[in-house]
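K.L.:
Spelled out from the first residue to the last, the chains are:
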Amino acid sequence: MKDTASVQKPARKPLRDTCVTIAHGGGGKAMRDLIESVFTDVFQPDAMEDQARLTSEALATPGARLAMTTDSFVVTPVEFPGGDIGKLAICGTVNDLAVGGASPLWLSAAFIIEEGTEIALLRRIVATMKAEADKAGVRIVTGDTKVVGRGSADQVFITTTGVGVIPPGRDLRAEHIRPGDVAIVNGVLGDHGACILAARGDMALSSALVSDCAGLGHLMQAVLAAAPNARAARDCTRGGLASSLNEMAEASGLAIEIEEEALPLRDEVRGTCEILGLDPLYLANEGRLVVFVPEAEAEVTLAAMRALPEGEGACIVGRAREGRPGQVTMRTLYGGARIVDMLVGEQLPRIC
Amino acid sequence: MRYVQEFRDPTTAKVLLAEIARVADQIGATPEKPVHIMEICGGHTHAIFRYGLDRLTHPGIEFIHGPGCPVCVLPMARVDECVELAQQPGVIFCTFGDAMRVPGTKKSLMQAKADGCDIRMVYSPLDALELARRNPNREVIFFGLGFETTTPSTALTIQQAAREGLTNFTVFCNHITVPPPIKALLDDPHMVLDGFVGPGHVSMVIGIHPYDFIARDYGKPIVVAGFEPLDLLQSVLMVLIQIRDGRAEVENQYSRIVPEHGNPVSIAAIEDVYEKRPSFAWRGLGEIDESGLQIQAKYAAFDAEAKFGIGYGAEVAREVEEPDGCACSQVMTGRIKPIACPQFGQCCTPEMPLGALMVSSEGACAAYYQYGGGRPLEAAE
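Quick note, the sequences are listed as chains A and B, same order. Add 22 to the 1-based position in the first sequence for the numbering used here, that's all there is to it. Add 9 to the 1-based position in the second sequence for the numbering used here, that's all there is to it.
There may be inaccurate statements among the hints.
Claimed, not checked - Here are the simulated distance ranges between beta carbons:
1. A153/A with Q96/B: 44 to 52 Å
2. P201/A with P268/B: 51 to 59 Å
3. D333/B with E321/A: 34 to 42 Å
4. N146/B with T98/A: 23 to 31 Å
5. R129/B with D301/A: 35 to 43 Å
6. I345/B with P201/A: 51 to 59 Å
As the list claims (entries may be wrong) - Here are a few chain B residues that sit away from chain A, every Cβ distance over 10 Å (derived from the structure):
7. R59
8. L65
9. P98
10. S338
Said to hold, decoys possible - To list a few chain A residues with every Cβ distance to chain B over 12 Å, as calculated:
11. M53
12. F65
13. L88
14. V148
15. L298
16. G299
17. T351
18. T354
Read the hints as simulated data drawn from the structure, not as lab findings. For clarity, every value in this text was computed on a predicted model and none was experimentally measured. Glycine is no exception: its CB is placed at the ideal position from the N, C-alpha and C atoms.
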């Protein structure tokens, strides 16, 4: 058996195309050139086999468990203030692993590319993916590309699958939440959703908003180190904080009450929501999580989160309590209360 | 956020709530014998539940939710006609977002879009006009929907289209006006209303005098109100004080936005482009005289009714039965609360709305459903 590192690759001509064509999906030389020039030269997988072959010492510990998650990413526009679809694809999957208590290790990345997409755009996306993966300490070990005809996709869709390891004894799940536990978020809510709305440009809203898109692996490790009895965490992506809390209330069989006064929101996000008749509780985030910890561990958790840039704005937003199982309520600024329900379909801007 | 947070100040809210309670007691309002106040506008309905004001005000005050949600009062036949227009080859059909989910007899616009119709959600009729400019070979139809808040922007868009001489842009005009349905409600013998909270943004356009008949002819107080919690609380208080003092007047709480005589530019555009229809069908309320607007003959080239022979432009008016068991009409007239409807939360939910009041976030049923209005809340004390 040959040592792969010693294999000399045949010399390859530089990729001269500026746009992806159907030829790049044909399985021939054009496809190989695209994959190597744009993807594998950057991601640097161990070998060009159809599978990644993985080992990790973390797995050798008795009681350690594998965690696996997958997510597909579609966003218009693919590049937006604060990130691009590649950053979303890495952070989204890393965060899904992290909030489950896993240390993210490996990712796969599959690309569905629309004919006509600029290769320069793909290179930019791949570069952000590599940078985010390095930051999160994960490796992109395998992948795939498909090219589809114009109109069958919107520039590029990405699917990432992530594998991580959960150390023995760690078991984060919403069923562990107890009455009195506090809910902590790591920063202002809704920046990503509001930023994407503004970036689509069809509302003539200009704003300085930047997506909150960020990997939360290190933050979650800091939380778990500070709060050994942390119960459960969720990343608040589509559907926003409201949807995450509803899922957790349902799974825990408890009620959750949040305080309107405590919700961290930027003025720009409030303003966007006011104009369009949207509720910031349902706006998407890509770098926000909510974690439940026992009250006794709340202060140390906040301190640990605030020590990291992605947790700078950490604050308590509410708590779990006995009550109607699965019900999320909000105490309004006036001491009134209302239900915070799951979102139905998508939020649609109001007429007036 | 300036000019918003000031109107959400909790300390001031507590003062207003205490004052509301005091005046309500002076009137002798009790849960058994409540004061009935109708908030006409769906935006107000939404705000009342979003901020939990219904649970905070004196128990002797009962809010009746008015017909001021344009999506909710849209007859199903209109939705069917929208779908038909959208299905025509070459058509780009443009609509405001919250009309997308309203059920027609066969499908909603959302479903029609999924079936392949080119339906675009726009935020302004000018966006539709831009689509018409960029797609000269396509027929762009804008679904003109809403009260006096949106009629001026549609009118200005039609004027602009006429100036540019566009031949591929029309408006399917379903614009309606606020005062006629209020009159219809007041003429309804079942109606027991003591006062009104008037629509702020509509009044920004038409001013406060179109409501004079409410005070003069029907002896009911009306206070034109803003949309922030303090606006609403102050307006409720102003209505109560009028009732206590035996007055019936048109008052303007929202004077920072609403000029007494409205916006002359908007009014001029409305008068230039539209004329009153003899009558218009409202979902739940039936035909109401002079309550709808149609495009004047001089702008017929931009009138989808004239161009496609649809809606009131059709030879035979389309009539559609309301779905079985739908009690929207009773809720709309304040005869029953949303939760008293047997379909509420059962066959009719925001996911699968049976009636229009469950569709828009401004609809009374959707507000009850989303924010738990009328349902027990086990809030922590």
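K.L.:
Hint by hint, note whether the structure agrees.
P.N.:
Okay, the hints, checked on the actual structure:
1. A153/A with Q96/B: 44 to 52 Å: holds (47 Å)
2. P201/A with P268/B: 51 to 59 Å: The hinted range 51 to 59 Å holds for P201/A and P268/B, with Cβ atoms some 53 Å apart.
3. D333/B with E321/A: 34 to 42 Å: 58 Å Cβ-Cβ, so the 34 to 42 Å window is violated.
4. N146/B with T98/A: 23 to 31 Å: holds (24 Å)
5. R129/B with D301/A: 35 to 43 Å: violated (24 Å)
6. I345/B with P201/A: 51 to 59 Å: violated (37 Å)
7. R59: violated (7 Å)
8. L65: L65/B not clear of chain A: closest Cβ-Cβ about 5 Å, inside 10 Å.
9. P98: About 18 Å separates P98/B from the closest Cβ of chain A, which puts it past 10 Å; holds.
10. S338: Given that every Cβ of chain A is farther than 10 Å from that of S338/B, nearest at about 21 Å, it holds.
11. M53: holds (31 Å)
12. F65: holds (36 Å)
13. L88: Non-interface label stands for L88/A: nearest chain B Cβ at 36 Å, farther than 12 Å.
14. V148: holds (32 Å)
15. L298: With a cut-off of 12 Å, L298/A comes too close to chain B, as the shortest Cβ separation is near 8 Å.
16. G299: violated (7 Å)
17. T351: At about 6 Å from chain B, T351/A fails to clear the 12 Å cut-off, so the statement is violated.
18. T354: violated (5 Å)
Hints 3, 5, 6, 7, 8, 15, 16, 17 and 18 from the list above are not met by this structure, while the remaining hints are.
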